[in-house]
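Starting from the structure of chain A, add chain B where the hints point.
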Amino acid sequence: MKPSLFAIAIGLAASWWAVLPAADLSSSAGHNNHPEWAGFFDITPQVHEGEHYVPSHPGPFDPVNPNLDELVQAHLKPWALEKMKETNGLADDLGAVCQSSGIFRYPTSAGSFLWLPEKDEILMISKDINVAGVRRIYMNRNHPKNPSPSWLGDSVGRWEGDTLVVDTVSFNDKTWLSYGMEPHSEELHVIERVRKAAPDRMEIQTFVEDRETLTSPYTFTRFYKQNGTESPEHLCNAEPGEMRQWSAWRNTALKAESAGTAK
Amino acid sequence: MMLGLSTGRMLPPWQIFCIVLLISEGFGEGQTIPAAGGHPDLTGVYQSIPQGVTLPGGLKNSGDPSGVALQPSAIEQLKKVDLKEDAARLCLPVGPFRMMARNKTKIELAPGPGTLVMLFEDIAHGNMRTIHLARTHPAKVASSWMGDSTGKWEGDTFVIDTVGFDERIWLNEKGAQHSDAFHLVERIRVLVEGKVLEYRVTAEDPKVLKQPYTYTRIFQKLDTEIMDDFCEVKE
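Read top to bottom, the protein sequences are chains A and B. Take the first sequence: its letters are residues 1 to 263, numbered as in the working numbering. Take the second sequence: its letters are residues 1001 to 1235, numbered as in the working numbering.
Since the hints were made in silico from the structure, they are not lab data. Cβ coordinates follow ideal geometry from the N, Cα and C atoms, glycine included. Treat each hint with caution, since some may be false.
Between beta-carbon pairs, the in silico distance windows are [stated by the list, open to error]:
1) B:1156 - A:86: 55 to 63 angstroms
2) A:207 - B:1224: 25 to 33 angstroms
3) A:163 - B:1141: 36 to 44 angstroms
4) A:74 - B:1137: 47 to 55 angstroms
5) B:1050 - A:161: 43 to 51 angstroms
6) A:199 - B:1069: 50 to 58 angstroms
7) A:199 - B:1224: 35 to 43 angstroms
8) B:1156 - A:197: 37 to 45 angstroms
9) A:161 - B:1056: 48 to 56 angstroms
10) B:1056 - A:89: 51 to 59 angstroms
11) A:86 - B:1193: 52 to 60 angstroms
12) B:1224 - A:79: 36 to 44 angstroms
13) B:1050 - A:149: 23 to 31 angstroms
With the rest of the complex left out, here is chain A (with noise of 0.2 angstroms):
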């Protein structure tokens, strides 16, 4: 049976006023996720892995403390220092074979991504995809008890006025804190300040800290520019073969370091 237009409107007039004092109402989407920042944004000035980041045009939105590597050697422990040289850059390196490399490296160089603001959750949707995932940054709980470690950490958010704070643990120790190498253990915590800087323009700030890696905390800032609502698609290794190479030269890679260690 189908609902007369007088019954619906009559109905719905009723319904509207016993839940508006709960309903948020502050957005056309329903929720108070600042839904207008939806859209991809893209890092801004880039700033180039592995290298010293200079501005040639110094400004507003220019990152704090650009060189990353840099940044992070300074707070390493000593055993970190030691594992970070002896890590082999392509056996021991994830992201080589463009698969996960954790929330640092992509993020901070040539980061580029989807902000999807939902009621319950903010989707992070790396451009790079099957590099740097998705961030689910739930709106609605706390960190689970017994979380399992992941490649990305579980993610939750809170607003203190038109930020949001970012609370990041349970991560795994498979990835590293910027493209030096630099390892971390499953202490590591992030906590990221998210805002708006100027109307196109988000700013992130992220706090890290490993009490088992790092002799103290550090923090720096990256800008990303919004961008619109559409971006073509990008692939780390889009082509099967360049994909295949160099999965045999990380696979050969292995296998030297496994003679190595049999010697």
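Same frame as chain A, now just chain B:
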């Protein structure tokens, strides 16, 4: 008598009458969830049921990309295909036609700005699909892994039209290739009060297929979160 709702605010009798009238006339009686614009709300995490399982109402999977009937020239082309180049083996996207058919595929649907975004737990093979709600296909579509997708509602069915796949996308694991005429139409019907999606996809390619091919997958809504699941290339 007053009725208390979850807001803690009490309703006067005339409003209770109106709500009762609304319910008695059948509002909410159907199998869909009313949402903004009068269409069902697709937001959520879903997983396809295993092969061989039948849900109440006879809902079950049928067909598979391996069932496409190729024209003789396409069969001949298969002999030249190096299966080592299969994207599925290399942590690269396999395209929607293969991805949606995979066993127990887990997806997340999220509304974006003028779009519906489809994410996969198997990130490497599924990648991300952006289904445009506010535009048609461009006159000249640049080919891509995921193609160019547009979506619209036809009653309680969400219809996705996709063209512009590039040649790295295969029709199935046997290496069946497609032409520039490859075209997908996916029809997603919302059932059982939003707890189930019936997904039917039809592949057309008059240059490669003898006739259009359709398969069906049944997805159940989950009350769990999608985990990060990265792929590792194996030789």
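| field | Range hint 36 to 44 angstroms (beta carbons of residue 1224 (chain B) and residue 79 (chain A)) holds or violated | value | The hint (36 to 44 angstroms, Cβ to Cβ) holds, given that residue 1224 (chain B) and residue 79 (chain A) are roughly 38 angstroms apart.
| field | residue 161 (chain A) and residue 1050 (chain B) - C-beta distance against the hinted 43 to 51 angstroms | value | holds (48 angstroms)
| query | Does the hinted range 48 to 56 angstroms hold for residue 161 (chain A) and residue 1056 (chain B) at CB? | reply | Since the Cβ atoms of residue 161 (chain A) and residue 1056 (chain B) sit about 49 angstroms apart, the hinted range of 48 to 56 angstroms holds.
| Pairwise beta carbon distance, residue 163 (chain A) to residue 1141 (chain B), judged against the given window 36 to 44 angstroms | Holds - the Cβ-Cβ distance for residue 163 (chain A) and residue 1141 (chain B), about 40 angstroms, lies within 36 to 44 angstroms.
| request: May I ask you to test the hint 23 to 31 angstroms on the CB atoms belonging to residue 1050 (chain B) and residue 149 (chain A)? | output: holds (28 angstroms)
| field | Status of the given 51 to 59 angstroms range, CB of residue 89 (chain A) versus CB of residue 1056 (chain B) | value | With Cβ atoms ~55 angstroms apart, the hint holds.
| request: Confirm or reject the claim that residue 1156 (chain B) and residue 86 (chain A) have a C-beta distance inside 55 to 63 angstroms. | output: holds (59 angstroms)
| Has the hinted range 50 to 58 angstroms been met by the Cβ atoms of residue 199 (chain A) and residue 1069 (chain B)? | holds (54 angstroms)
| Cβ separation of residue 207 (chain A) and residue 1224 (chain B), checked against the hinted range 25 to 33 angstroms | holds (30 angstroms)
| residue 86 (chain A) paired with residue 1193 (chain B), Cβ distance criterion 52 to 60 angstroms | Holds: the Cβ-Cβ distance is about 57 angstroms, inside 52 to 60 angstroms.
| said: Taking 47 to 55 angstroms as the stated bounds, is the beta-carbon spacing between residue 74 (chain A) and residue 1137 (chain B) within them? | reply: 52 angstroms Cβ-Cβ, so the 47 to 55 angstroms window holds.
| query | Is 37 to 45 angstroms a correct range for the gap between the Cβ atoms of residue 1156 (chain B) and residue 197 (chain A)? | reply | holds (43 angstroms)
Of the hints listed earlier, there is not a single one the structure fails to meet.
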